[in-house]
Amino acid sequence: MARIVVLGAGVSGHTAATFAKHWLGDKHEVVVVSPNSKWNWIPSNIWVGVGEMTPEDVVFELAPVYQKAGIDFRQAKAVSIHPEGKEGSDRPFVTIEYTDPNKKGETEEVEYDYLINATGPKLNFAATPGLGPDGGHSLSVCTYGHAAEANTHFQNAIERMKKGEKVKFLIGTGHGMCTCQGAAFEYIFNIEHELREAGVRDKAEIKWISNEQFLGDFGVAGLHIKWGGHIVSSKVLAESLFAERGVDWITGAHVKEVQKGKLQYELLDGTEGEETFDFAMLIPPFSGVGLKAYDKAGNDITDKVFMPNGFMKVDADYTPKPFEEWKASDWPKYYQNPDYLNMFAVGIAFAPPHPISKPAKSVNGTPITPAPPRTGMPSGIIGKTVAQTITEVIEGKYSLEEVKEKGHHASMAEMGAACVASTGKSLMNGSAVALTVYPVVPDYDKFPGTGRDPNYTFGEIGLAGHWIKHILHYMFMWKAQLKPGWTLIPE
Amino acid sequence: MAELLTYPDQRLLQISGLIRHFDDPGIDEVIKQMRETMQEHNLKALSAIQIGYPYRIILFKKNGNIEVMINPVIYGKEGQRIKSLESDESLPGAELEVERFEVVKIMYQDREGKDKFFTAKGEDSIILQRKIDMVFGGYLFDKLSKKEQKRFFKEYGNYGDTCPTSFVKDKILTALRIFLVLHFLLLLFSWTKFASFVLNYNTALFGIELIWIIIYALYAKYETTKYKNCTSCQGANVFGTSALYGAVTLLLFGGSWLLKSFLQ
Numbered sequence: 152m153a154r155i156v157v158l159g160a161g162v163s164g165h166t167a168a169t170f171a172k173h174w175l176g177d178k179h180e181v182v183v184v185s186p187n188s189k190w191n192w193i194p195s196n197i198w199v200g201v202g203e204m205t206p207e208d209v210v211f212e213l214a215p216v217y218q219k220a221g222i223d224f225r226q227a228k229a230v231s232i233h234p235e236g237k238e239g240s241d242r243p244f245v246t247i248e249y250t251d252p253n254k255k256g257e258t259e260e261v262e263y264d265y266l267i268n269a270t271g272p273k274l275n276f277a278a279t280p281g282l283g284p285d286g287g288h289s290l291s292v293c294t295y296g297h298a299a300e301a302n303t304h305f306q307n308a309i310e311r312m313k314k315g316e317k318v319k320f321l322i323g324t325g326h327g328m329c330t331c332q333g334a335a336f337e338y339i340f341n342i343e344h345e346l347r348e349a350g351v352r353d354k355a356e357i358k359w360i361s362n363e364q365f366l367g368d369f370g371v372a373g374l375h376i377k378w379g380g381h382i383v384s385s386k387v388l389a390e391s392l393f394a395e396r397g398v399d400w401i402t403g404a405h406v407k408e409v410q411k412g413k414l415q416y417e418l419l420d421g422t423e424g425e426e427t428f429d430f431a432m433l434i435p436p437f438s439g440v441g442l443k444a445y446d447k448a449g450n451d452i453t454d455k456v457f458m459p460n461g462f463m464k465v466d467a468d469y470t471p472k473p474f475e476e477w478k479a480s481d482w483p484k485y486y487q488n489p490d491y492l493n494m495f496a497v498g499i500a501f502a503p504p505h506p507i508s509k510p511a512k513s514v515n516g517t518p519i520t521p522a523p524p525r526t527g528m529p530s531g532i533i534g535k536t537v538a539q540t541i542t543e544v545i546e547g548k549y550s551l552e553e554v555k556e557k558g559h560h561a562s563m564a565e566m567g568a569a570c571v572a573s574t575g576k577s578l579m580n581g582s583a584v585a586l587t588v589y590p591v592v593p594d595y596d597k598f599p600g601t602g603r604d605p606n607y608t609f610g611e612i613g614l615a616g617h618w619i620k621h622i623l624h625y626m627f628m629w630k631a632q633l634k635p636g637w638t639l640i641p642e
Numbered sequence: 038m039a040e041l042l043t044y045p046d047q048r049l050l051q052i053s054g055l056i057r058h059f060d061d062p063g064i065d066e067v068i069k070q071m072r073e074t075m076q077e078h079n080l081k082a083l084s085a086i087q088i089g090y091p092y093r094i095i096l097f098k099k100n101g102n103i104e105v106m107i108n109p110v111i112y113g114k115e116g117q118r119i120k121s122l123e124s125d126e127s128l129p130g131a132e133l134e135v136e137r138f139e140v141v142k143i144m145y146q147d148r149e150g151k152d153k154f155f156t157a158k159g160e161d162s163i164i165l166q167r168k169i170d171m172v173f174g175g176y177l178f179d180k181l182s183k184k185e186q187k188r189f190f191k192e193y194g195n196y197g198d199t200c201p202t203s204f205v206k207d208k209i210l211t212a213l214r215i216f217l218v219l220h221f222l223l224l225l226f227s228w229t230k231f232a233s234f235v236l237n238y239n240t241a242l243f244g245i246e247l248i249w250i251i252i253y254a255l256y257a258k259y260e261t262t263k264y265k266n267c268t269s270c271q272g273a274n275v276f277g278t279s280a281l282y283g284a285v286t287l288l289l290f291g292g293s294w295l296l297k298s299f300l301q
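Respectively, the protein sequence lines represent chains A and B.
First residue of the first sequence? That's 152 in my numbering, and the numbers climb one at a time after it.
First residue of the second sequence? That's 38 in my numbering, and the numbers climb one at a time after it.
Worth flagging that the hints you see were computed from the coordinates, not collected in a lab.
Incorrect hints may have been included.
Unchecked claim - Short derived list, chain A residues pointing at chain B, Cβ under 7 Å:
#1 Lys386
#2 Leu419
#3 Gly600
No residue lacks a Cβ here, since even glycine has one placed at the ideal position from N, Cα and C.
All chains should be modelled from the sequences, with the hints used to inform the complete structure.
The following block contains the structure:
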């Protein structure tokens with residue numbers, strides 16, 4: 152009997168764990184270690200953040216779902232990985248610390264045969280002084296709790312505006328190395344929409360601040376939209392959209408510090424600026440969750456297993472290279488750790504070889520480059536692919552050493568992704584932006600110029616985006632709860 | 038000297054790619070041709086795509102010198118949005134009013150690949166915004182409102198006239214909408230002798246409307262496949278629209294049935 156331990160129950164970890172159990176059945180064991188008792192459909196947090204959905208609409212309890220599926224669930228956070236075991240035992244294990252209220256603080260060693268690291272990111276608010284809702288001066292929509300808190304402030308702002316007060320909204324990224332511009336983009340247009348619905352749009356000043364080099368970069372070097380009968384870059388679309396909705400913007404900005412009601416930023420040209428606000432929702436940069444790794448003798452091998460940013464090394468080419476030498480083949484295909492072959496990392500937890508957007512530094516040397524997104528669709532696909540590979544290894548189809556020849560692969564340079572940015576939640580009116588991009592990571596050798604296949608990289612503005620977003624919400628909540636037919640729903 | 042492309046040349050519609058290899062001698066050849074074209078036509082600025090090279094390169098006359106701007110992006114702006122009446126050599130004969138930023142901050146690389154910054158004001162700002170738009174596949178008419186754009190296409194011709202300005206599927210839908218509104222109005226007056234047929238022929242009407250929706254869905258599917266280059270992501274749109282109209286039809290059918298039972 153083999154045991155797979157999955158660290159994390161987000162999109163990627165949950166997909167990996169549920170599929171592995173589905174394929175392997177009762178003959179083998181799947182253990183999920185997650186500090187959260189609930190699963191959260193993160194894309195809908197945007198709607199929680201403007202009061203269109205409640206936190207309860209976007210979460211469900213994991214324990215009953217796992218119990219039904221026969222997955223051993225431990226509500227705990229992983230503290231360290233011991234891939235060589237310890238003195239007296241060769242069996243690798245992870246040390247976990249319970250967050251389950253009944254066992255809070257207790258630690259345990261969980262042995263594994265195969266490990267899937269799907270811990271996701273640590274929301275690194277500490278990277279920018281004053282950033283974030285916990286002790287800082289800005290809000291976030293990265294968790295359902297944060298989104299609900301943002302909504303409380305938002306409703307409060309609407310009340311103030313109804314009394315005639317002017318309110319300034321500042322939305323975007325809170326550091327030069329952030330990812331997830333798409334979420335902030337969706338949030339700003341939901342805010343704008345809700346303010347119009349509430350009849351107080353004229354009392355609001357709305358401004359975008361981000362680390363993108365140009366408006367419409369989205370952390371993926373921009374993409375192309377069919378617009379007015381021909382293909383244009385998302386730059387042209389974004390500029391039009393911002394102008395049409397009366398939303399001002401600052402790009403190429405690294406937020407240096409957030410204070411009460413104002414923030415300081417540095418621009419690409421090295422100049423500094425200050426922006427005031429009454430309401431600020433700024434996405435934090437992500438880092439690894441701070442897992443440690445130890446060898447058999449108990450020596451710290453964290454540097455060997457993880458990159459300095461805390462994300463796990465996998466089969467990517469991490470050699471530092473200038474932008475012109477970046478290749479699609481630098482990106483991992485199997486998500487297998489090169490030193491410990493029974494360890495895999497999926498979703499945000501794997502270390503990307505480099506960004507997707509063209510890197511930039513300010514003249515003072517501050518990096519202002521979006522980090523590569525690895526959330527949503529790619530993250531689910533990667534989780535399922537790794538589960539498939541491990542299942543086949545357990546079934547004896549090939550060995551861990553042969554994964555690179557025979558395993559299933561899902562490189563982000565061979566994978567497309569779709570995303571929908573809503574402007575409100577209405578089924579009857581709105582103009583959502585629906586985008587598909589292929590491949591996620593530009594392949595400049597295969598598709599010279601933009602690195603993308605123009606036939607599969609496109610977007611459209613229209614109401615259908617809202618319908619898709621609604622469908623996705625209910626479909627994924629259904630799927631994640633393993634309700635009938637869940638395996639048929641794609642990632 | 039290279040040919041200066043004008044509408045509706047398909048080569049203008051390509052998206053320009055980032056320059057990654059600054060040691061590529063091909064770049065010098067493109068720049069040389071751009072320089073010659075600029076001199077020949079006495080232009081203040083030129084985007085490489087205007088002579089058919091899908092590269093993110095702009096040449097711009099600054100203080101009498103020609104500045105080579107590679108991979109230019111607008112990372113910031115200042116001042117108000119202003120109305121600007123513009124024409125461009127790529128769009129001969131057209132003069133369009135568009136909105137621009139008063140001042141733009143541009144980052145680009147020079148021929149050696151070094152990062153450079155330039156804050157453009159006044160006329161420089163406007164012409165550079167137009168040329169940078171071209172680098173990203175955007176032209177003057179992309180800045181117009183949908184209504185103005187329609188008028189523009191009518192006057193100057195569509196992009197190679199490959200994309201229709203109106204689709205048959207939309208016409209089928211408009212006709213269905215009128216039919217449904219009529220059906221609804223007649224239903225309101227179904228207690229009169231004149232309109233009572235809507236209740237008597239309820240099932241037949243339901244059948245007609247359903248078939249109508251099916252025809253719409255099939256034709257829309259055919260049309261979006263045919264004009265793949267003009268529109269995209271329409272699958273969900275067609276599906277959603279059909280479902281919505283299906284629901285309306287069902288409501289009318291159910292409502293009529295209830296009404297009929299009530300009246301009898």
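Checked hints:
Look at Lys386/A: its Cβ gets to within about 4 Å of chain B, closer than 7 Å, so that hint holds up. Because the smallest distance between the Cβ of Leu419/A and any Cβ of chain B comes to about 5 Å, under 7 Å, the interface hint for this residue holds. Using the Cβ-Cβ criterion of 7 Å, the hint placing Gly600/A at the interface with chain B is satisfied: the shortest such distance is roughly 3 Å.
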